[in-house]
Amino acid sequence: MIMTTSMPVHGRFTILDYRGFYDVPRIMLAKDEQNLCWIFECLFDDSLDEYADTYTAYLVGEEGIPLSLVLQRHYDDPPVNAQCVLAVSRFHFDPTTRVSFEIA
8 MIMTTSMPVH GRFTILDYRG FYDVPRIMLA KDEQNLCWIF ECLFDDSLDE YADTYTAYLV
68 GEEGIPLSLV LQRHYDDPPV NAQCVLAVSR FHFDPTTRVS FEIA
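Each position in the sequence shown, counted from 1, maps to that position plus 7 in this note's numbering.
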């Protein structure tokens, strides 16, 4: 079970890396305007046979950690504490949907 805190997450983010892509990236490593890195994860819901309509946000820390290592650690040892869960509809992506986004 994922527990969430009530930390607000908003603003402009630069996508550093992503995995999986359907209509939007399904897991992203992104940097905010304060140079903090975040993982945003949108999981597949087997019971609905489609992706969830939310991203779960995890604060990773300051930029400088090797990107591949951050995502690998996330897969190998999934965190149980998320910062928040956000509706995908709050994410406003750049035209390519792969470079940046803003959370309203």
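Everything labelled a hint here was simulated from the structure, so no lab data went into it. Beta carbons are placed, not taken as given, at the ideal position from N, Cα and C, and that holds for glycine. Check before you lean on any hint, since a few could be wrong.
Here are the simulated distance ranges between beta carbons [stated by the list, open to error]:
1) Ala111 to Asp83: 28 to 38 Å
2) Leu76 to Ser54: 10 to 20 Å
3) Arg19 to Ser54: 32 to 42 Å
4) Asp24 to His99: 32 to 42 Å
10 to 20 Å as the expected CB spacing between Ser54 and Leu76, which holds or is violated: The hinted range 10 to 20 Å is violated for Leu76 and Ser54, with Cβ atoms some 32 Å apart.
Is the gap between the beta carbons of Ala111 and Asp83 within 28 to 38 Å? For Asp83 against Ala111, whose Cβ atoms are near 33 Å apart, the range 28 to 38 Å holds.
Within 32 to 42 Å or not, the Cβ separation of Asp24 and His99? 20 Å, violated
Verdict for Arg19, Ser54 (Cβ pair) under range 32 to 42 Å: For Arg19 and Ser54 the Cβ distance comes to about 34 Å; the hint holds.
Hints 2 and 4 from the list above are not met by this structure, while the remaining hints are.
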